Amino acid sequence: MVAKQIQQTSNVETPRYAWLVGLAAWAVPGLGHMLLRRWARALVLGGSVWAMFLTGLWLGGHLFTLSGTDQGPAAFLQLLPMSANVGAGFLYIFCWLTKTGFAEHAQLITFEYGNTFLLVAGLLNYLAMLDAFDLAAGRKQ
Amino acid sequence: MRHVLWMAIFAGLTAVVFGAVARGTNRQRLLYGLKVFGEFMFIAFALGWVLYFLPYR
Chain A
1 MVAKQIQQTS NVETPRYAWL VGLAAWAVPG LGHMLLRRWA RALVLGGSVW
51 AMFLTGLWLG GHLFTLSGTD QGPAAFLQLL PMSANVGAGF LYIFCWLTKT
101 GFAEHAQLIT FEYGNTFLLV AGLLNYLAML DAFDLAAGRK Q
Chain B
1001 MRHVLWMAIF AGLTAVVFGA VARGTNRQRL LYGLKVFGEF MFIAFALGWV
1051 LYFLPYR
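Same order as they appear, the protein sequences are chains A and B. Counting along the first sequence from 1, when you hit position 77 you're at 77 in this note's numbering, and nothing is skipped either side. Counting along the second sequence from 1, when you hit position 52 you're at 1052 in this note's numbering, and nothing is skipped either side.
These are calculated hints, taken from the structure and not from any lab test. Among the hints, a few may not be true.
Which residues of chain B face chain A? A few of them, derived with a C-beta cut under 8 Å, are [claimed, not checked]:
hint	residue
1	LEU1005
2	TRP1006
3	ILE1009
4	PHE1010
5	LEU1013
6	THR1014
7	VAL1016
8	VAL1021
9	ARG1023
10	GLY1038
Label-pair restraints from in silico Cβ distances [claimed, not checked]:
hint	chain 1	residue 1	chain 2	residue 2	range
11	B	PHE1042	A	SER83	26 to 36 Å
12	B	LEU1054	A	TRP96	31 to 41 Å
13	B	LEU1005	A	ALA27	28 to 38 Å
14	A	LEU130	B	ASN1026	42 to 52 Å
15	A	ARG16	B	TRP1049	51 to 61 Å
For clarity, every value in this text was computed on a predicted model and none was experimentally measured. Glycine residues also receive a C-beta, built at the ideal position from the N, C-alpha and C atoms.
Can you make the complete structure from the sequences, with help from the hints?
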């Protein structure tokens, strides 16, 4: 019976709207839930991610990119933290375009806190994005 | 003291997101968020005390 239920669930097509909502949720934290008219959730999730990202920048944290100071294959070590940072969507892209937050301020006492805030802001936005996608696809109430 | 403040802010924001995306009723999600926050704080303090007794030289 469980196998039958799983088969039935996997046969349900994901609506295209859900992909759009997922993309919007990644691009601007909170926007995906706004499109679904889940105002409270948008405020809570988007607000938390925005607050965490901006606090990270304020604390002197830095964003990761592949074109860092490392040369050769060592540059790929930046890939994992960069993929976490990219989770913040256009916040990351805006910072990349304006060259904001990529300089290292290791002399600051809050530098590592800032890094952690920036990394986790991106990761939390991935969670929020999946939540918006599931809501739009009808997999979650 | 400032370190504890940043840690609490970090734990609070993370717990809010974890609670918001969790399944269940509003009350269950609120309790889950509080539990996550408590766990973050407890583990941080516990690790802090463990590291305090470890010689670092």
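Supplied contact hint for LEU1005 (chain B), tested at 8 Å Cβ to chain A: violated, 10 Å
At the C-beta level, are PHE1042 (chain B) and SER83 (chain A) separated by a distance inside 26 to 36 Å? holds, 30 Å
Have a go at the TRP1006 (chain B) hint: is there a Cβ in chain A nearer than 8 Å to its own Cβ? Holds. Min distance 5 Å.
Hint says 42 to 52 Å; check whether the CB-CB distance for LEU130 (chain A) and ASN1026 (chain B) agrees. violated, 20 Å
Per the CB criterion, is ILE1009 (chain B) less than 8 Å away from chain A? Status holds, d = 7 Å.
Report holds or violated for the interface hint on LEU1013 (chain B), using the least CB-CB distance to chain A and a cut-off of 8 Å. This hint holds: LEU1013 (chain B) lies near chain A, its Cβ roughly 5 Å from the closest one there, short of 8 Å.
Quick check: does the Cβ-Cβ distance between LEU1054 (chain B) and TRP96 (chain A) fall within 31 to 41 Å? Between LEU1054 (chain B) and TRP96 (chain A), where Cβ atoms are some 40 Å apart, the hint holds.
Given a cut of 8 Å on the nearest C-beta pair, is the interface hint for GLY1038 (chain B) held or broken against chain A? violated, 18 Å
Once the shortest beta carbon distance from ARG1023 (chain B) to chain A is found, is it less than 8 Å? With a closest approach of 7 Å, the ARG1023 (chain B) hint holds.
Assessment of proposed distance window 28 to 38 Å (beta carbons of LEU1005 (chain B), ALA27 (chain A)): holds, 31 Å
THR1014 (chain B) as chain A interface residue, shortest Cβ-Cβ below 8 Å: It holds, given that the least Cβ distance between THR1014 (chain B) and chain A is near 6 Å, below 8 Å.
Interface hint compliance - VAL1016 (chain B) to chain A, C-beta minimum distance less than 8 Å: The hint holds - VAL1016 (chain B) has a Cβ within 8 Å of chain A, the shortest such distance being about 5 Å.
The structure is inconsistent with the numbered hints 1, 10, 14, although it conforms to all the rest.
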